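Q: This is what each chain is made of:
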Amino acid sequence: DQQVKQNSPSLSVQEGRISILNCDYTNSMFDYFLWYKKYPAEGPTFLISISSIKDKNEDGRFTVFLNKSAKHLSLHIVPSQPGDSAVYFCAAKRSTSYGKLTFGQGTILTVHP
Amino acid sequence: DAMVIQNPRYQVTQFGKPVTLSCSQTLNHNVMYWYQQKSSQAPKLLFHYYDKDFNNEADTPDNFQSRRPNTSFCFLDIRSPGLGDAAMYLCATSSSGGTVVKNIQYFGAGTRLSVL
Chain A
1 DQQVKQNSPS LSVQEGRISI LNCDYTNSMF DYFLWYKKYP AEGPTFLISI SSIKDKNEDG
61 RFTVFLNKSA KHLSLHIVPS QPGDSAVYFC AAKRSTSYGK LTFGQGTILT VHP
Chain S
1 DAMVIQNPRY QVTQFGKPVT LSCSQTLNHN VMYWYQQKSS QAPKLLFHYY DKDFNNEADT
61 PDNFQSRRPN TSFCFLDIRS PGLGDAAMYL CATSSSGGTV VKNIQYFGAG TRLSVL
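From first to last, the protein sequence lines stand for chains A and S.
Per this note's numbering, residue 1 is the first one in the first sequence, and the count goes up by one each step.
Per this note's numbering, residue 1 is the first one in the second sequence, and the count goes up by one each step.
Bound conformation, chain S alone (with noise of 0.2 Å):
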């Protein structure tokens, strides 16, 4: 089955020892994105590749940085993490063409972020 996977499922850190988090798909879909959701909160979107062009949401912190190797990977690299980084990280992927309902996001299950 065509899918998204996130490696590992969960990550422990340490405070200020960077952390490298990744996404693979097998859907061929030429946007991927990278969201943050902090307990009982709303998936927040970080970033997001459009084909190789790197689209940054203004209000990501400079701590998170991500690469996009090929159309199938996509790697969210941590800085330096504190401790309210910690949260669940969940990767998307998408089709921008055709109509919208083919715009539909496909998520991973996410890696789990501990940061000690």
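Looking at chain A on its own, in the form it has when it is part of the complex (with noise of 0.2 Å):
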């Protein structure tokens, strides 16, 4: 049973564009979401957090937000540049828990020059 979900095992982007990654959800007990990102021969790195008492969490070309009644969330990337081709992963977490992230599948994302 996956609780996590990137139903999109791939996007490819132009530069410049906007890219949007999403993510799916069904454990209600989730209430902290988190993005992380991965380069080639290169662990996992974090990106960008949400806590489920907001909506909307930016940090510079990066915006995450958050559908608590869909159990969605979804990452922007506005512009989107050729360094940001990486695999995105989605992961979950209670805020009451220090550990235990369950990461969805990830999400390929290209951007051509």
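If you're looking for bench data, these hints aren't it; they were derived computationally from the structure.
Note that the structure is a prediction, hence the values are computed from the model and not measured.
Any given hint could be a false lead.
Some chain S residues judged to face chain A by a derived CB distance under 8 Å, without partners named [stated by the list, open to error]:
hint: 1; residue: H48
hint: 2; residue: T60
hint: 3; residue: I104
Straight-line alpha carbon distances no greater than 27 Å define the calculated DSSO-like cross-link-like pairs of lysine-lysine that follow [as the list claims (entries may be wrong)]:
hint: 4; chain 1: A; residue 1: K100; chain 2: S; residue 2: K52
hint: 5; chain 1: A; residue 1: K5; chain 2: A; residue 2: K100
hint: 6; chain 1: A; residue 1: K56; chain 2: A; residue 2: K100
hint: 7; chain 1: A; residue 1: K71; chain 2: S; residue 2: K44
hint: 8; chain 1: S; residue 1: K52; chain 2: A; residue 2: K5
hint: 9; chain 1: A; residue 1: K5; chain 2: S; residue 2: K38
hint: 10; chain 1: A; residue 1: K68; chain 2: S; residue 2: K44
hint: 11; chain 1: A; residue 1: K71; chain 2: S; residue 2: K38
hint: 12; chain 1: A; residue 1: K68; chain 2: S; residue 2: K17
hint: 13; chain 1: A; residue 1: K56; chain 2: A; residue 2: K5
hint: 14; chain 1: S; residue 1: K17; chain 2: S; residue 2: K38
hint: 15; chain 1: A; residue 1: K71; chain 2: A; residue 2: K100
hint: 16; chain 1: S; residue 1: K44; chain 2: A; residue 2: K5
hint: 17; chain 1: A; residue 1: K56; chain 2: A; residue 2: K71
hint: 18; chain 1: A; residue 1: K71; chain 2: A; residue 2: K5
Where chain S lies over chain A, by a calculated footprint (3+ residues, C-beta under 8 Å) [what the hints assert, rightly or not]:
hint: 19; region: 50-62
hint: 20; region: 68-79
hint: 21; region: 96-102
Where a beta carbon is used, it is the ideal one built from N, C-alpha and C, also for glycine.
Hints in hand, dock the two standalone chains.
A: Right, dumping it as structure tokens:
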């Protein structure tokens, strides 16, 4: 039973355009959500997060939106750059827990110059 | 730079031959995690150490064991690797204190295990 799903295995975007990566979750106990980025031959690195008390969190070119009623979150990258090409993982946890991240399968983002 | 280091990066073992993967960290984090990631799948938590306390996930096979001799090091032992154990193994660390934001997990680059 996969509690966090990223239904798009890959996404291709032109440089300068918006990239939108989507993530759905099923466990209502999750109240903290994270996005990690992974380059080839490197480990995942933390990108941005959002608490369930918010519906939006912005950090530079990266914005995460949370729709609790739909159990859906999305990561927007504007404008997209070739260096953003990577695998993006959505993850969820309970804020009362120090650990136990549940990950999605990842979405491969390719930004073309 | 403070970091999480996994060795080796690539490991080839034979079916049934025990193998050990290692992880070290300079972040002085008290929690260390081991994840298994198979191709095109989500990383799956196997177990974690909270300080010296071992916490196993319910569905982690007994074939997988772990040791944490001190704060900096953690080992993943696969007692009898099967073909299905071929995967990327990721080590991560986090602090358990403070706000949730401080509980961000930091990952190593992983060890890719092949079983022949």
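Q: Does each hint hold? Answer for all of them.
A: Each hint tested on the structure:
1. H48: holds (6 Å)
2. T60: Since chain A brings no Cβ nearer than about 13 Å to T60 (chain S), farther than 8 Å, the hint is violated.
3. I104: holds (5 Å)
4. A:K100 / S:K52: holds (17 Å)
5. A:K5 / A:K100: holds (16 Å)
6. A:K56 / A:K100: Holds. K56 (chain A) to K100 (chain A) sits at ~23 Å (cutoff 27 Å).
7. A:K71 / S:K44: Roughly 21 Å separates the two Cα atoms, so the pair holds.
8. S:K52 / A:K5: Not satisfied, since the Cα-Cα distance of roughly 32 Å exceeds 27 Å.
9. A:K5 / S:K38: holds (15 Å)
10. A:K68 / S:K44: holds (24 Å)
11. A:K71 / S:K38: Roughly 26 Å separates the two Cα atoms, so the pair holds.
12. A:K68 / S:K17: violated (47 Å)
13. A:K56 / A:K5: holds (20 Å)
14. S:K17 / S:K38: holds (20 Å)
15. A:K71 / A:K100: holds (19 Å)
16. S:K44 / A:K5: holds (13 Å)
17. A:K56 / A:K71: holds (14 Å)
18. A:K71 / A:K5: holds (11 Å)
19. 50-62: Not satisfied, violated; 1 residues make the cut.
20. 68-79: violated (count 0)
21. 96-102: holds (count 5)
Checked against the numbered hints given earlier, this structure breaks hints 2, 8, 12, 19 and 20; the rest are met.
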